[in-house]
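Put chain B with the ligands on the given structure of chain A with help from the hints.
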Amino acid sequence: MSFRIIVLAKQVPDTRNVGKDAMKADGTVNRAALPAIFNPEDLNALELALRIKDQRKDCEVIILTMGPFRAAEIIREAMYRGADRGYLITDRKFAGSDTLATSYAISLAVRKLEPYHLVISGRQAIDGDTAQVGPQTAEKLSLPQITYAEEITEVSEKHIVVKRRLERGIEVVKSPLPAAVTVHSSAPACRQRVAKLLMKYKHARTVTELQNETKDYTELYDQRPYLQIDEWTVDDLHADVTMLGLSGSPTKVKKIENVVFAHKDSKVLSASDEDINNLMKDLIDSHVIG
Amino acid sequence: MNNIFVYCELTEEKTIADVSLELLSKGRRLATELGVKLEAIVIGSDLKRIEDQVFPFGVDVVHVADDNRLFPYTTLPHASLVLHIFHHEKPEIAIFGATSIGRDLAPRIASALRCGLTADCTSLEIGDHFENKTQTEYKNLLYQIRPAFGGNIIATIINPETRPQMATVREGVMKKEVLDPKYKGQVKKVNASAVLRDEDFMVQIIERHMEASKINIKNAQVIIAGGYGVGSRENFQLLYDLADVLGAQVGASRAAVDAGFSEHERQIGQTGVTVRPKLYIACGISGAVQHRAGMDQSAQIISINTDPNAPINHIADYTIIGSITDVIPKMIRYYKANSK
Ligand SMILES: Cc1cc2nc3c(=O)[nH]c(=O)nc-3n(C[C@H](O)[C@H](O)[C@H](O)COP(=O)(O)OP(=O)(O)OC[C@H]3O[C@@H](n4cnc5c(N)ncnc54)[C@H](O)[C@@H]3O)c2cc1C
Ligand SMILES: Cc1cc2nc3c(=O)[nH]c(=O)nc-3n(C[C@H](O)[C@H](O)[C@H](O)COP(=O)(O)OP(=O)(O)OC[C@H]3O[C@@H](n4cnc5c(N)ncnc54)[C@H](O)[C@@H]3O)c2cc1C
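Residue numbers (this note's numbering), protein chains in the order written: chain A, 1 to 290; chain B, 1 to 340.
Bound-form chain A, shown alone:
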């Protein structure tokens, strides 16, 4: 039996660099202008998985992502860096899922991949920003959870030792396997693409992507079945649809406000002695300082 690691990864809009061009005239964010990227901490998660694979010949790293068809991009990206294969969970019925419904769907997919040793995810996705999917998936799978991992210092068939990064320090814990780990951004950065793997996997496609290709891939795929990225729908997961999507999500978004970067009524002063002295006087008089 191989040592199987399932890495959970999400494709996200790059919310970190909301530059001028990503802002609309009304001061709100133009989401369409944001590039779709591999969620940063999921790359850290992938790296921790690949480090185990570096040590153990019997190790197999599987990428699991839930999202629209284009999310297959990050599965390929993971393959270029060393993942063995990937599955895309995709179905319209998943749309609008909150973290509870998302972790339900992910946990069903993980169960299809039994027996596994580790489920490794990022701590937090930069769009939803909740950091809830990791612990919730662990609970649904009845796994012990080790959050905020920075390093996996020991791995055996039966247990792992993990260094965790907490707000005020570090903790080293030992857990039996199988277990769920969420990875902190202070973990090592992910290795770059490997040229050989890029060549090997550049034609990897999902069924949906293949249907949209003009070239005929039948022969290539007969020779190289590993190029096939499987898609899993609600039916494949035997999921209870009432626990998915909007209806399966206990949290409802009542209102969304775009943060408008408005100008506040602000006084502009120079660095002259007079301006600064007047300002300091105002602050003292109004007891803001003093």
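Treat the hints with caution; some may be incorrect.
Computed Cβ-Cβ distance ranges for the label pairs, DEER-style [as the list claims (entries may be wrong)]: (1) A/Lys254 - B/His264: 30 to 38 Å; (2) B/Gln237 - A/Glu114: 55 to 63 Å; (3) A/Ala33 - B/Gln297: 25 to 33 Å; (4) A/Glu114 - B/Gln135: 38 to 46 Å.
Calculated lysine to any residue pairs in the SDA-like style (CA-CA distance at most 25 Å, straight line) [unchecked claim]: (5) A/Lys255 - B/Glu131; (6) B/Lys90 - B/Ile154; (7) A/Lys267 - B/Leu238; (8) B/Lys175 - A/Lys163; (9) B/Lys184 - B/Thr11; (10) B/Lys139 - A/Lys112; (11) A/Lys281 - B/Asn2; (12) A/Lys163 - B/Met210; (13) B/Lys184 - B/Asp52; (14) A/Lys252 - B/Thr136; (15) A/Lys254 - B/Asp128; (16) A/Lys163 - B/Arg208; (17) A/Lys93 - A/Arg31; (18) A/Lys252 - B/Gln135; (19) B/Lys330 - A/Ile289; (20) B/Lys90 - A/Met243; (21) A/Lys57 - A/Val161; (22) A/Lys252 - B/Lys90; (23) B/Lys278 - B/Ile145; (24) A/Lys254 - B/Lys184; (25) A/Lys254 - B/Ile154; (26) A/Lys112 - B/Arg114; (27) B/Lys184 - B/Val289; (28) A/Lys267 - B/Gln290; (29) A/Lys254 - B/Asn2.
Quick caveat, the hints were computed from the structure, so don't treat them as lab data. Beta carbons: idealized from backbone N, C-alpha and C, even for Gly.
Chain B with the ligands only, in chain A's frame:
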């Protein structure tokens, strides 16, 4: 309606963490508005007279689970105990700190209860909701207001159907307020050894290095924050000089921390601490959205920047166009000469 519960965290010194006292203060106000009780949960070891620390915040009932296996925090036993309490008490609302502990624990519990959980709320309010689809009216829901999408949107989230309505809130977001130093509630002891099973202890801590938090900028009334524009560690000393005379604390942007001008404990923003001082003086800080997320609730903001168009100026009450090396010594000079 049932009661409001706050999960209380312990510090290394086994006192109730500030974030939990802040949440008790908020919980008290919500409980009063809804006409229900405020209940606290404390799980740990050596918790003798721990209730004395929470009652002044208006706690009506405190559930205490005291067992030497329960400190330091580990996920599974704390989750089992909180679930045990929730099964019996059926809370209306449950609030956790958005801390290393709270963000580990709350989602596990929400998943087990199949309840909605809103992360990192910046505001909690009571309000009604009308669901058009089902023509159902919901009274007195918890509005859970949170930024998402890298701070670029603010969402109001509700959990109409599931209970408890669960939320996490970061340290420093709510105000810590003693309700009445003599307030007295009731202590309910939880028999931990009857609830816990061996499996709850399958994850073992084998090493731990925690620092007691020394630097505390969170509760400062006045903060002098420096950014990359301060230019050097030596120039950062100017900020300490100003902080000394004003009785303020020094904060920093991430770029200043990354450049080695300041310690990480001082970082303000999305990945640092959230502050809400009376006065925030931003020195050589451009005002990226991740930085503003941690300081835009400040009552007054002064920006000192060489660039008149720096985004921080848009949220500042006063903008001084100039270099910090020029402006800060002038501020110190005036203050020394004119304050009592
Ligand atoms: C404005 C807004 C606010 C929201 N607030 C809440 C809220 O407070 N509570 C709530 O329950 N839901 C909320 N949601 C919904 C939530 O964003 C989605 O459920 C989302 O699919 C998962 O949450 P996340 O992005 O926060 O992931 P996180 O929990 O932050 O992700 C942690 C890790 O889980 C893994 N992971 C997460 N999603 C996937 C995926 N699709 N495929 C594979 N791996 C994955 C990744 O490894 C990731 O690093 C909100 C959505 C929006 C738009
Ligand atoms: C996921 C994520 C999380 C982040 N979290 C945080 C966070 O928690 N906190 C945070 O701060 N940042 C955070 N950042 C980084 C943030 O995006 C910015 O890069 C950072 O805040 C910029 O710091 P700064 O304003 O000090 O530097 P800069 O943007 O380089 O600005 C320097 C400013 O100094 C001015 N200046 C230059 N010389 C002088 C002088 N002599 N006198 C006066 N002014 C001068 C310049 O005009 C400029 O406005 C995060 C980023 C990401 C992607």
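Hint check results:
{"no.": "1", "hint": "A/Lys254 - B/His264: 30 to 38 Å", "in the structure": "holds, 36 Å"}
{"no.": "2", "hint": "B/Gln237 - A/Glu114: 55 to 63 Å", "in the structure": "holds, 59 Å"}
{"no.": "3", "hint": "A/Ala33 - B/Gln297: 25 to 33 Å", "in the structure": "holds, 28 Å"}
{"no.": "4", "hint": "A/Glu114 - B/Gln135: 38 to 46 Å", "in the structure": "holds, 44 Å"}
{"no.": "5", "hint": "A/Lys255 - B/Glu131", "in the structure": "holds, 13 Å"}
{"no.": "6", "hint": "B/Lys90 - B/Ile154", "in the structure": "violated, 29 Å"}
{"no.": "7", "hint": "A/Lys267 - B/Leu238", "in the structure": "holds, 24 Å"}
{"no.": "8", "hint": "B/Lys175 - A/Lys163", "in the structure": "violated, 33 Å"}
{"no.": "9", "hint": "B/Lys184 - B/Thr11", "in the structure": "holds, 23 Å"}
{"no.": "10", "hint": "B/Lys139 - A/Lys112", "in the structure": "violated, 42 Å"}
{"no.": "11", "hint": "A/Lys281 - B/Asn2", "in the structure": "violated, 52 Å"}
{"no.": "12", "hint": "A/Lys163 - B/Met210", "in the structure": "holds, 13 Å"}
{"no.": "13", "hint": "B/Lys184 - B/Asp52", "in the structure": "holds, 8 Å"}
{"no.": "14", "hint": "A/Lys252 - B/Thr136", "in the structure": "holds, 14 Å"}
{"no.": "15", "hint": "A/Lys254 - B/Asp128", "in the structure": "holds, 11 Å"}
{"no.": "16", "hint": "A/Lys163 - B/Arg208", "in the structure": "holds, 9 Å"}
{"no.": "17", "hint": "A/Lys93 - A/Arg31", "in the structure": "holds, 23 Å"}
{"no.": "18", "hint": "A/Lys252 - B/Gln135", "in the structure": "holds, 16 Å"}
{"no.": "19", "hint": "B/Lys330 - A/Ile289", "in the structure": "holds, 16 Å"}
{"no.": "20", "hint": "B/Lys90 - A/Met243", "in the structure": "holds, 22 Å"}
{"no.": "21", "hint": "A/Lys57 - A/Val161", "in the structure": "holds, 19 Å"}
{"no.": "22", "hint": "A/Lys252 - B/Lys90", "in the structure": "holds, 21 Å"}
{"no.": "23", "hint": "B/Lys278 - B/Ile145", "in the structure": "holds, 23 Å"}
{"no.": "24", "hint": "A/Lys254 - B/Lys184", "in the structure": "violated, 37 Å"}
{"no.": "25", "hint": "A/Lys254 - B/Ile154", "in the structure": "holds, 11 Å"}
{"no.": "26", "hint": "A/Lys112 - B/Arg114", "in the structure": "holds, 22 Å"}
{"no.": "27", "hint": "B/Lys184 - B/Val289", "in the structure": "violated, 43 Å"}
{"no.": "28", "hint": "A/Lys267 - B/Gln290", "in the structure": "holds, 24 Å"}
{"no.": "29", "hint": "A/Lys254 - B/Asn2", "in the structure": "holds, 23 Å"}
Checked against the numbered hints above, the structure violates hints 6, 8, 10, 11, 24, 27; every other hint is satisfied.
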